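Engineer: Below are the chains, spelled out letter by letter.
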Amino acid sequence: MNQSAKRISLPHILSMLALITGALIVIVPLLWTFFTSLKSPAEVFKDNFFPTVWHWTNYRDAVQAVPFFKFLGNTVMILIPVLIGTVLSSAICAYGFARFNFKGKRTLFLVLLATMMLPSQVTMIPMFIMFKEIGWVDTFLPLIIPAFFGGGAFNIFLIRQFMRGIPRDLDESAFVDGANRFQIFTRIVLPLSVAPLIAVSIFTFMGVWNDFQGPLIYLNSSDKYTLALGLSMFKGLYNVEWNMLMAATILIMLPALIVFFLAQKYFIEGISISSAIKG
Amino acid sequence: MRKSKSDWAGYLYIMPWLLGLLLFTIGPMLFSLLLAFSKWDIITGVQSIEWVGLDNFKAIFHDELFYQSLKVTFIFALISVPLYQIVSLLIAVLLNMRSRGMNVFRLIYFMPSVIPAVAVSMMWVMIFNPEYGILNKALGWFGIQGPAWLQDPSYALGALIVMGIWGVGNTIIIYLSGLQSVPEDMHEAAELDGAGRIRRFFSITLPMISPTVFFNLIMGIIGGFQYFTQAFVMTNGGPLNSTLFYNLYLYNKAFQDYEMGYASALSWILFVIILVFTLIVIRSSSMWVYYQGDDDKD
Numbered sequence: 001m002n003q004s005a006k007r008i009s010l011p012h013i014l015s016m017l018a019l020i021t022g023a024l025i026v027i028v029p030l031l032w033t034f035f036t037s038l039k040s041p042a043e044v045f046k047d048n049f050f051p052t053v054w055h056w057t058n059y060r061d062a063v064q065a066v067p068f069f070k071f072l073g074n075t076v077m078i079l080i081p082v083l084i085g086t087v088l089s090s091a092i093c094a095y096g097f098a099r100f101n102f103k104g105k106r107t108l109f110l111v112l113l114a115t116m117m118l119p120s121q122v123t124m125i126p127m128f129i130m131f132k133e134i135g136w137v138d139t140f141l142p143l144i145i146p147a148f149f150g151g152g153a154f155n156i157f158l159i160r161q162f163m164r165g166i167p168r169d170l171d172e173s174a175f176v177d178g179a180n181r182f183q184i185f186t187r188i189v190l191p192l193s194v195a196p197l198i199a200v201s202i203f204t205f206m207g208v209w210n211d212f213q214g215p216l217i218y219l220n221s222s223d224k225y226t227l228a229l230g231l232s233m234f235k236g237l238y239n240v241e242w243n244m245l246m247a248a249t250i251l252i253m254l255p256a257l258i259v260f261f262l263a264q265k266y267f268i269e270g271i272s273i274s275s276a277i278k279g
Numbered sequence: 001m002r003k004s005k006s007d008w009a010g011y012l013y014i015m016p017w018l019l020g021l022l023l024f025t026i027g028p029m030l031f032s033l034l035l036a037f038s039k040w041d042i043i044t045g046v047q048s049i050e051w052v053g054l055d056n057f058k059a060i061f062h063d064e065l066f067y068q069s070l071k072v073t074f075i076f077a078l079i080s081v082p083l084y085q086i087v088s089l090l091i092a093v094l095l096n097m098r099s100r101g102m103n104v105f106r107l108i109y110f111m112p113s114v115i116p117a118v119a120v121s122m123m124w125v126m127i128f129n130p131e132y133g134i135l136n137k138a139l140g141w142f143g144i145q146g147p148a149w150l151q152d153p154s155y156a157l158g159a160l161i162v163m164g165i166w167g168v169g170n171t172i173i174i175y176l177s178g179l180q181s182v183p184e185d186m187h188e189a190a191e192l193d194g195a196g197r198i199r200r201f202f203s204i205t206l207p208m209i210s211p212t213v214f215f216n217l218i219m220g221i222i223g224g225f226q227y228f229t230q231a232f233v234m235t236n237g238g239p240l241n242s243t244l245f246y247n248l249y250l251y252n253k254a255f256q257d258y259e260m261g262y263a264s265a266l267s268w269i270l271f272v273i274i275l276v277f278t279l280i281v282i283r284s285s286s287m288w289v290y291y292q293g294d295d296d297k298d
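Chains as they are written, first to last, in our numbering: chain D, 1 to 279; chain R, 1 to 298.
Hints in this document: simulated from the structure, not taken from any laboratory. Note that the coordinates shown come from a computational prediction; the quantities given were computed from them, not determined experimentally. One or more hints might be untrue.
To be verified - Covered stretches of chain D, going by a simulated chain R footprint (3 or more residues, C-beta under 8 Å):
#1 42-48
#2 59-69
#3 105-118
#4 187-200
Even for Gly, the Cβ is constructed at its ideal location relative to N, Cα and C.
All chains should be modelled from the sequences, with the hints used to inform the complete structure.
Structural biologist: Here it is in structure tokens:
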């Protein structure tokens, strides 16, 4: 494992072979989906891996067969307020936990950690009933509003851990210069916490983009569907047209993959931090 | 700066979370507890909730589908949790080698875990297709006649477990960061003492990353009981309920049959099961989890 990089030994070669095999197992299904999405309907069921003619029009047909842009618009309409709500409220709450000493803070923080372990199924049904009673079912509100109330325990935890690492001397000197606690938050702590805020934004984007059970429960009419939900309905409609189904699958993967490649550093850091919770 | 004993302003800052805790966690939990002992279909108003005591739980313990969903979920968790841990750890160990191109491999292995579960599910429905899917075609090259996977009750659950291996990127990253926190001098010292690669792995690496194993184990167990999207999209519990995961059954009861009381009772049973398993893992952890210098207390 930790031997010097230059040495080429048999275990090293075997390890590299194993890594390459694994990487192929990861990549080949994606490539197969991509290449099949470009085949003609007749060619889909043939054995060749690559399409003989690249039918880029499959993508145009796919976005016309389902109201793709409508679904995309719905997803964005949910995504933007959720992003704003999550980042704002989790940063404020994290600041509260990181920089104030109040009675019961330890207990409340333990409660915060405990809620991360609570299965969402327990609250799913009563929340649905609650939102139904106030007439929010089949609107985006049940998927948006909760984000403004703390923005998720994990996000608060992530930002709080980071804020604790910012030297308190900075707060002190700003305080001496006449800044109040809120100004210290907006002018000192927040600008220094950009890294975890980006991580939280990315996780939130992924969460909304991938969310399936939420939209499934709350959105009834098909003109309100998100992409993830709409795509699963596509499967029911076009059982045979594999090339279009695959084109739609690739289209919903793309934004997530692009965000991932642009922001890989934050992903990997954020996930590493998530494992640092020791109860 | 003032160093007061209790800074009331703190409550103001955590107020959004506190309100959310009451509105979206504690309140719903209490309501759900009430519902678990009630009979109610959502079509009639809240006023028609009828207290039935333990009837829901009695009915559940005579419900064949309940036992089926428990069986499916337990089989999945018992096989997939250890399997994914071992695979992830192996890959993480390989990725931890110091060699060129490791960043590329890391990206590749991590990629599947950012792809929406719906897209992954749809892709695998096509991969598992017995006639045209790439999996059976590939098996065919080796002269193996692949099964009907998702259409075959004895293979469907296995197919979902196999598919899951493809998406263990998250776990790999967590293991990798655990491995990177193992001090290198420990390895060098052991190497000088003549410990081989495998010996070093079991005597140094594994004990050092046991907290990570512990974390992943808990998350894996919880994940198994919350498995939903893939089962819903790919098999919808079939064929012959062979992939009727607990969470899917709960969803069906609540949002297909509108039996809110019954489904709430199911959700509390789920909660208790997860709690018991988590506690077992935590309680037993002192026997096998090694924390290096436990000095990061708040």
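Engineer: Against each hint, give a clear statement of whether it holds in the structure.
Structural biologist: Cross-check of the supplied hints:
1. 42-48: With 3 residues close enough to chain R, the hint holds.
2. 59-69: Answer violated; 0 residues pass the 8 Å Cβ test.
3. 105-118: holds (count 9)
4. 187-200: Since three or more residues must qualify, the claim that chain R covers the stretch 187-200 of chain D is violated, with 0 doing so at under 8 Å.
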